[in-house]
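Novice: Using the sequences plus the hints, can you model the full thing?
Each protein sequence line maps, in turn, to chains S and A.
Everything in the first sequence is counted per the working numbering, starting at 7 for the first residue and increasing by one.
Everything in the second sequence is counted per the working numbering, starting at 261 for the first residue and increasing by one.
Please note that the accuracy of each hint is not assured.
[As the list claims (entries may be wrong)] As a list, the in silico DSS-like pairs of lysine-lysine whose alpha-carbon atoms are at most 27 Å apart: (1) S/K436 to A/K396; (2) A/K315 to S/K336; (3) S/K352 to S/K366.
Simulated from the structure, these hints should not be mistaken for lab results.
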Amino acid sequence: MESYLFPFDSLICMLLGISFTVWFTLLLVFIIVPAIFGVSFGIRRLYMKSLIKLFEWATLRMERGAKEKNQHLYKPYSNGIIAKEPVSLEQEIQEMRRGGAEPEFDMSDIFYFCRRGVESIVDDEVTKRFTAEELESWNLLTRSNYNFHHISTRLTALWGVGVLIRYGILLPLRVTLAFTGVGLLVVLTSVVGLFPNGRIKNYLSDKVHLMCYRICVRALTAIITYHDSENKPKNGGICVANHTSPIDVIILASDGCYAMVGQVHGGLMGVIQRAMVKACPHIWFERSEVKDRHLVAKRLSDHVADESKLPILIFPEGTCINNTSVMMFKKGSFEIGCKVYPVAIKYDPRFGDAFWNSSKFGMVNYLLHMMSSWAIVCSVWYLPPMSRMEGEDAVQFANRVKAAIARKGGLADLLWDGGLKRGKVKEVFKEEQQKLYSKVLVGSSEDRSRS
Amino acid sequence: MGSTSSTLLKIPNAEVLMQETGFSPAHIIRLHDRFKALDKEGRGYLCPQDFGAIKELAMNPIGDRIIGAFFSPGKETVDFSTFVKILAHFRPVDKDRPKEPNSPEPINSRSNKLKFAFQLYDQDKDGKISRDELLKVLRAMLGMQVTEEQLESIADRTIQEADLDRDEAISFEEFRKSLEKVNIDHKMSIRFLR
Numbered sequence: 007m008e009s010y011l012f013p014f015d016s017l018i019c020m021l022l023g024i025s026f027t028v029w030f031t032l033l034l035v036f037i038i039v040p041a042i043f044g045v046s047f048g049i050r051r052l053y054m055k056s057l058i059k060l061f062e063w064a065t066l067r068m069e070r071g072a073k074e075k076n077q078h079l080y081k082p083y084s085n086g087i088i089a090k091e092p093v094s095l096e097q098e099i100q101e102m103r104r105g106g107a108e109p110e111f112d113m114s115d116i117f118y119f120c121r122r123g124v125e126s127i128v129d130d131e132v133t134k135r136f137t138a139e140e141l142e143s144w145n146l147l148t149r150s151n152y153n154f155h156h157i158s159t160r161l162t163a164l165w166g167v168g169v170l171i172r173y174g175i176l177l178p179l180r181v182t183l184a185f186t187g188v189g190l191l192v193v194l195t196s197v198v199g200l201f202p203n204g205r206i207k208n209y210l211s212d213k214v215h216l217m218c219y220r221i222c223v224r225a226l227t228a229i230i231t232y233h234d235s236e237n238k239p240k241n242g243g244i245c246v247a248n249h250t251s252p253i254d255v256i257i258l259a260s261d262g263c264y265a266m267v268g269q270v271h272g273g274l275m276g277v278i279q280r281a282m283v284k285a286c287p288h289i290w291f292e293r294s295e296v297k298d299r300h301l302v303a304k305r306l307s308d309h310v311a312d313e314s315k316l317p318i319l320i321f322p323e324g325t326c327i328n329n330t331s332v333m334m335f336k337k338g339s340f341e342i343g344c345k346v347y348p349v350a351i352k353y354d355p356r357f358g359d360a361f362w363n364s365s366k367f368g369m370v371n372y373l374l375h376m377m378s379s380w381a382i383v384c385s386v387w388y389l390p391p392m393s394r395m396e397g398e399d400a401v402q403f404a405n406r407v408k409a410a411i412a413r414k415g416g417l418a419d420l421l422w423d424g425g426l427k428r429g430k431v432k433e434v435f436k437e438e439q440q441k442l443y444s445k446v447l448v449g450s451s452e453d454r455s456r457s
Numbered sequence: 261m262g263s264t265s266s267t268l269l270k271i272p273n274a275e276v277l278m279q280e281t282g283f284s285p286a287h288i289i290r291l292h293d294r295f296k297a298l299d300k301e302g303r304g305y306l307c308p309q310d311f312g313a314i315k316e317l318a319m320n321p322i323g324d325r326i327i328g329a330f331f332s333p334g335k336e337t338v339d340f341s342t343f344v345k346i347l348a349h350f351r352p353v354d355k356d357r358p359k360e361p362n363s364p365e366p367i368n369s370r371s372n373k374l375k376f377a378f379q380l381y382d383q384d385k386d387g388k389i390s391r392d393e394l395l396k397v398l399r400a401m402l403g404m405q406v407t408e409e410q411l412e413s414i415a416d417r418t419i420q421e422a423d424l425d426r427d428e429a430i431s432f433e434e435f436r437k438s439l440e441k442v443n444i445d446h447k448m449s450i451r452f453l454r
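Specialist: Given below as structure tokens:
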């Protein structure tokens, strides 16, 4: 009986051996070597183009199916369901006065506030920034299939095949790559840490970091287009960017070397953090130190003052926003008084939704979603450096930078605080409204009494 | 990520709602999505805190009164039908709707819009806006920016101009008369995109 099994045994061993060798060669040639030198074969772009053609076909098919059944296709509007007129309070009140009378209180003044209030009940600017964006075309992921019942059997079959490919082939591939990338990062940075401080160490550390981040980029099948690379952040400055997901770090760090800022974590993250800091100085804070704003500011300024240290990477919004807008920047990083290099990151939502809704999904769940999408396509714009001008305080500077980032990335520039995801509106905003209204009424009656 | 949307079939009484309010199927679907987005715990109804969570509404000086308009006296929850019917007040007036003598007045008629605005003033629902109620609204809209005397003079002047039967309060008819010339349709309508 046993002799019967032996030939098959060795056959299986041989097959396994061959497949492993083939796998490792492919890995080396297509992933690791390009990652070291920063070149690309263009396979991912080809993949992206074919995916676009596929999605367009799927959407057309759906529209045809809907017409046949004589039903309406549900077209989501990412701009909102109502048309809001940007009329200010003063204009409204002037219009409501009949016959050019002096602005005094009128019973109809309440209409303005009432309408605004009901408009915000139907559709408000803030809540929709914290949920995933809706798409017009269907990208064969379940995430945006509002018109699911319009789909023919052919489309459903295609979707099924898509699921198989994504979870059966792409996901395991990407997970292995991710482990390779992270593993190499930990091992190689520890090795580089053994070198004495100096130019060789910095050079090696840069190379190692870049290589490992590039492997991680391939692990996510991220297709990134970098614009205006001449404005890339230099030593002695701070790089600020809008925040959509934890992947933002990998995207930026695979094109340049940065010093990271963050809290010290336990577990796997902690291991990675400790390894990274051996090769080049990153800024990790203990949990207790985070509350002390002066300490944080001091460590950041010290780092920036040292020209040999890498630029710091900071996300001033403080939380993940869904990539349709930029929310209020926290002023801390803008008080340090060094050059600020703004960067705008915009994801293309057709291929996979990169937004991390941290109140709904945990980190592992999120990474699984990411790795089972088709691809992550995004654009990065490096903007020219900005400094604080004379007579400008930190908040105004932060708003100026935010406006520049929003404009470049094609995102809406909002005054709202990202902290509103979880917190309450400050009384200050309500007072602003009251002040505006009272100025229109009482201000004008004062003029009257004077004349 | 992973959000399911409504189809008309999943919405209870969709047909009846469309008849009564005049919203199109697409509007009803969008409003249902919005209702579900506000109903964070998925209970099928909204309570005042769900409205309070809308940041722009919390910033509105009369935000509380608007929220109150959704809840009938004694009720603490709002279901989807009530939600849509109240929002129907803000649909632009249908200019080409045939005037059938027996059909009830549409929810978004000029008269009903005025009634909605009236109840924002008349919180105790006795059919009249008393001087006190007027003062409360003025205080809400102006906050701490004006003195008590200025508020009182504004209130007195308003009542003097509108109160025709000299009972020191403004009834609905007097309210309607004083706003005769105002383009209510424009001021109290929200344009819903197709």
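Novice: Take the hints in turn and mark each one as holding or not.
Specialist: How the hints compare with the structure:
no., hint, in the structure
1, S/K436 to A/K396, "holds, 16 Å"
2, A/K315 to S/K336, "holds, 19 Å"
3, S/K352 to S/K366, "holds, 22 Å"
Violated hints: none; the structure is consistent with every hint.
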